[in-house]
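Novice: Fit chain B to the supplied structure of chain A, relying on the hints for placement.
Listed below are the residues making up each chain.
2 protein chains.
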Amino acid sequence: MLGSAAGGGYPQWNCACDTCRRARSGDPAAKPRTQSSLAISADGERWFLLNASPDLRQQILNTPTLYPRHGKRHSPIAGVVLTNGDVDHIAGLINLRESQPLSLYATSRIHAVLSANSIFQVLNPDLVQRRTLGLNAPVELVGPEGPSGITIEMFAVPGKVALYLEDAAPVLDGETEDTVGLRISAGDKSFFYIPGCAKLTPALADRIRGADLLLFDGTLWRDDEMIRNETGTKTGRRMGHMSVSGPEGSLAAFAPLGIRRKVFIHINNTNPILLDDSPERASVNEAGWEVGEDGMELSP
Amino acid sequence: MLGSAAGGGYPQWNCACDTCRRARSGDPAAKPRTQSSLAISADGERWFLLNASPDLRQQILNTPTLYPRHGKRHSPIAGVVLTNGDVDHIAGLINLRESQPLSLYATSRIHAVLSANSIFQVLNPDLVQRRTLGLNAPVELVGPEGPSGITIEMFAVPGKVALYLEDAAPVLDGETEDTVGLRISAGDKSFFYIPGCAKLTPALADRIRGADLLLFDGTLWRDDEMIRNETGTKTGRRMGHMSVSGPEGSLAAFAPLGIRRKVFIHINNTNPILLDDSPERASVNEAGWEVGEDGMELSP
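These protein sequences, in sequence, are chains A and B. So the first sequence is numbered by our numbering: it starts at 64 and just counts up by one. So the second sequence is numbered by our numbering: it starts at 64 and just counts up by one.
Extracted from the complex, chain A is given alone in its bound form (with noise of 0.2 Å):
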């Protein structure tokens, strides 16, 4: 797990709430985090990063096993994988510039807006291949080197277009190609990358039930969050998210589909599990939830 918090990262560069300014100090149980993005690979050689995240940088000098291995120029990332058009997904595909080759996933809708913005340019035609998928139709990633034995299968899950995209109206839960969920396998293991999703629909519990491993969007721990600690004037619902608590929360959603581990990811500054030592943080703890940290090694 390269990063595990919501765009603006913890803490945010303006922001001085509580759970900021503890984070700040270098409380212990108050860990910073960059990012959200997950980076990997069937045979610890080659790696595919889900989301590549404005701290992407920093990700990987935090990150041995990323750093170049063999002759003047080199990198073990073989490829990036998009599940939408956020800043904090996709703003990070400008530190992969430096005449490297890459295979850049995406739904067309998510192509259609890097191509629409030229300073992604900087990903050379020539090295960087630009690759569609389609929804729902399992693909086997594929480098620069070759096939990975990683499969990703894309669906669409509840939610709107990025922040900068949106016109007076934006639909709040449209289910189309702005957003997807991943499921990623190789071989026998497979997991549910699933960092922005605004409910969970009776189709995508279907989907889920009884998977080993799910992360899962944790961005608020109650829709009305940012507005109570002034930190903001937005619900979760109108930012694409589906909180953590309360009756349609998803400790709530997802405690009867019977999934092995189940970890937030994408959390926000505010959201108070991050806090090591919060009420919250114990709450989801004894729901069977974990709360990803930068760093986390996991395997299905």
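Read the hints as simulated data drawn from the structure, not as lab findings. Any given hint could turn out to be false.
One copy or two, it doesn't matter: identical chains are merged, so the pair holds either way.
Claimed, not checked - Straight-line C-alpha distance at most 30 Å; calculated DSBU-like pairs for lysine-lysine:
| id | residue 1 | residue 2 |
| --- | --- | --- |
| 1 | Lys94 | Lys135 |
| 2 | Lys297 | Lys135 |
| 3 | Lys94 | Lys262 |
| 4 | Lys297 | Lys94 |
| 5 | Lys252 | Lys262 |
| 6 | Lys297 | Lys262 |
Specialist: Same frame as chain A, but now just chain B:
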């Protein structure tokens, strides 16, 4: 000095040149550096960034002076001044999202680049004032809380458009609004900030002659450095940077100009002046230059 390295930072994610390997190994003579940016202030309260690097989130975390000071959401950062459209100078703008009032200064050319990239709409136009500066016209920087006491003058320096905006035959040493230097002044103090410059023209020499402090483009030691060490195919000249050494390099060119203090910034990961124990560092110091480091504090 928030960051002193050129694009990619030091070490660079995919580079295993000797200089990068020493930094990754923790060698104390090979200090890691983040990407080029400066924070300036006349009063210690309100700060303006000169360029916004992709490492900005980490740079703010490393700089307690830039932590929030009042209320739930605040930043001492009142604005940003951009000198060109290079990724390493603009990508950090996306870290300044989250509903914070700011002033964003650039030439009309660079504002057009930002406007053409929807990702920068994360900077809410209701809160972030985009102010256009002309060339050779000193203007006092104004932040959300009013005038800053800092005056900026932009002037064209020889350079080229950003890599991702290049066409098939880019002009390599145009003097346009695409690449500018800055004269920064407050009261009777002033300094020059020129992070990218393709050559020292007679007009530029006249402008900076006798300055108290100059921060200047130290990208490469020699023009063919990246070709010689097999990390790239381009010369410094092709990338819009004059080199440090050689008969046309900056050590020779600036020697007769009577500048009191000279500091290299925007230093590429391949440049041996990064190493505290290199003969090239010794040459630079003998010629009266310093080599920029993250965290350096300067006053003219």
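Novice: So, for every hint listed, does it hold in this structure?
Specialist: These are the hints, each one checked on the structure:
1. Lys94 with Lys135: between (35 Å within a copy, 20 Å between copies)
2. Lys297 with Lys135: Classified as between; 15 Å across copies, 47 Å inside a copy.
3. Lys94 with Lys262: For Lys94 and Lys262, the Cα distance is within 30 Å only inside one copy (28 Å; across copies 46 Å).
4. Lys297 with Lys94: within (25 Å within a copy, 42 Å between copies)
5. Lys252 with Lys262: Within one copy only: 26 Å inside, 57 Å across.
6. Lys297 with Lys262: So Lys297 and Lys262 pass the 30 Å test inside one copy only (17 Å; across, 50 Å).
Consistency with the previously given hints is maintained throughout, with no hint failing.
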